[in-house]
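Full structure from sequences and hints, please.
Number of protein chains: 2
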Amino acid sequence: MEKAMTTGLQLFSTMGSNETLKLSLDKIDIPAPKSEEIVIRIEASPINPTDLASMFGPADLTTLRNEQGEDSTELLADIPSKLMRMVKSRIDSPLATGSEGAGVVIEAGDSPEAQALIGKVVSVATGGHHGQYCCVDYSLVNPMPEGITPEQAASAFVNPMTALGLVETMHREGHKALVNTAAASNLGIMLNRICQADSIDIVNIVRKPEQEEILKEIGAQYIVNSSSETFRKDLFKALAETGATIAFDAIGGGKLGYEILACMEQVAASQMTSYNHYGSSVKKQLYTYGRLDLRPTVINAGLGFAWNVGGWLLFNFLADTDSETIQRMYKRVADEITTTFASHYAKKISLEDAISVNVVAEYGRMATGEKYLILPHSQKIRSSQVQNCLK
Amino acid sequence: MEKAMTTGLQLFSTMGSNETLKLSLDKIDIPAPKSEEIVIRIEASPINPTDLASMFGPADLTTLRNEQGEDSTELLADIPSKLMRMVKSRIDSPLATGSEGAGVVIEAGDSPEAQALIGKVVSVATGGHHGQYCCVDYSLVNPMPEGITPEQAASAFVNPMTALGLVETMHREGHKALVNTAAASNLGIMLNRICQADSIDIVNIVRKPEQEEILKEIGAQYIVNSSSETFRKDLFKALAETGATIAFDAIGGGKLGYEILACMEQVAASQMTSYNHYGSSVKKQLYTYGRLDLRPTVINAGLGFAWNVGGWLLFNFLADTDSETIQRMYKRVADEITTTFASHYAKKISLEDAISVNVVAEYGRMATGEKYLILPHSQKIRSSQVQNCLK
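Residue numbers (the numbering used here), protein chains in the order written: chain A, 1 to 391; chain B, 1001 to 1391.
Among the clues, some could well be false.
Below, computed lysine-lysine pairings styled on DSBU-like, alpha-carbon distance capped at 35 Å [as the list claims (entries may be wrong)]:
1) B:K1120 x A:K82
2) B:K1088 x B:K1120
3) A:K208 x A:K233
4) B:K1208 x B:K1176
5) A:K82 x B:K1233
6) A:K347 x A:K120
7) B:K1237 x B:K1255
8) B:K1347 x A:K88
9) B:K1283 x A:K283
10) B:K1120 x B:K1347
11) A:K237 x B:K1082
12) A:K176 x B:K1088
13) B:K1082 x A:K255
14) B:K1088 x A:K233
15) A:K255 x B:K1233
16) A:K283 x A:K208
17) A:K176 x B:K1255
In short, the hints are calculated from the structure, not lab data.
Quick caveat: nothing in here was measured; it's all calculated off a predicted structure.
See below:
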């Protein structure tokens, strides 16, 4: 048992100077925990969109192939020469993938706080969770209530904390209602549940009728379809009714963000009693928290001067947030992990599956928003080549 | 004397529903000052770029013509039909132009603060200062030191307070050095003088060699020419040396703002010790305080998430600023009005000149950055048609 704790399999992504991406499963040693540290046996870790970016970067996925590496099978793909500059800061440096996960605390340092977590299910997001074990500071994990399984807690960080962080940002910056795009996503649904519980108006922007249906089913009140001919009119009405002056945009590129700000400014202008050629003084904020569309973001003139467009990233938000607020957010996620913050997975796979050409190709064909869950200790992984890690 | 105080000439701009711009000189009554109010005899008021926007809006300046109106001569121009929507909130409502000016306090309400200003030269920016008199609350003027003339104080508000406001914004948001574009402007020169006095590094971006010379002459240390082939390299060097992470942009449209942010991110990335596919966590801010270029603002991907682009407007800044800070800024402007904040004018004109086709056409041919000064009580105005206002 002691020995198994200290060595585990970990998924690594390497952007090679030979213009080849390599995904490999390697054995790593887990250090013995220091006083404040704990060792977690990771039982479940999702493949989030952000993980796909870390795993595959700009590699050409039509060239995916499995090859036998030094110790085990590897997944390879070509990186187009002209895109190598995008990864220049990580060339030939293996990156441990997996932004979040959950598991059971199996070992702890001698501090009472660390010791208290032994045997508990915790979620964690320090990175490198597409692996079997990790050793982290006890203060960086979110302990789950009794009875919650690691699979239920696997996605307890990125989407739940982002959803709560967006609402926190709205309050902190003095807005009373919000807009979200790509609103039928996992995150969008969590955001609607939070807003319903907290009596906050949320304007949901989607682009397909079936996405409107998803949101109607969970009781969303304001749903606007950007593909509709009446989009601008519908958006104006929703913004006027809710008073939303902050928007969170997962799309990033193109003109949608500008259109939302312009519509907010129109609402503000319609409520002004006198002309001002600088536009309204109502503060309008757009945050880009994703980049589903890589085209440039286009901001036209005509917004006045009281507007802001910026990037929103969970890690930057947390760095700007006091620990009391973060603990309050953690607790809410833990308390509501099977309701507000429940996640669903299209498929559960092993670590070996994650580097299989067939599985990855299948993954690539899934609808946006669906994701796979890696079970790092799944039986399927017990093939001969990695057996020796799993005593 | 009493009577002259209460009636004065005022320049008005009207966007007519007949698709015609009208600039006219009209007599207006100035109310007797209430307890906290003062009446200022405006002696000098500049035509700022922002005033040109208020005066002419989207009118076609090739159609300028003088016509005899009901009481006096008027300046007319056609407004292209398709641009009428730009002025829809001010159609047929005469707008008193003139964003700032200076003059002598000739009457005051009974409060001690108002009384104390009688006979003093003050600068003011409550609007409608292309006119002979105004009545405002005493707290809204900036009293000038003994010996300062109204002509010296005429531009004591918009550019000086903007320049100080940009530096204040830099400090408030935690940046240590700044970038300015269109840097050889009146405002840009003031900003350099402030930064020199306060030991703040400023990166000046210009686009012509003669603008580089203007800045060299006043001792600017970092001057980068955006038309140069080595622009990106020069900018990187200046940003790396100064650590500037906030930029103020007078241009607004196009890609320059993005290029500045991207270069800031490159500097930040070059100082990172490990790879992060979200980019750096160094906060990069771009504020647009002017819109010399009306094309859309284009923000490409690749900035990471720690960036913000927003509008910056003096009036919004002041609304967010405590009165102690504003008074400190006022005092510095007053103390340094003939040095740091000295303005120069290409020509001094009368109110009548301001609606003369020939004068306006000449104005339109001037270099960007040069401006005219209106002297509302100038002798030239004493033509028969307006004589009766000037007893």
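Taking the earlier hints as the rules, which of them does this structure contradict? Of the numbered hints, 1, 2, 8 do not hold.
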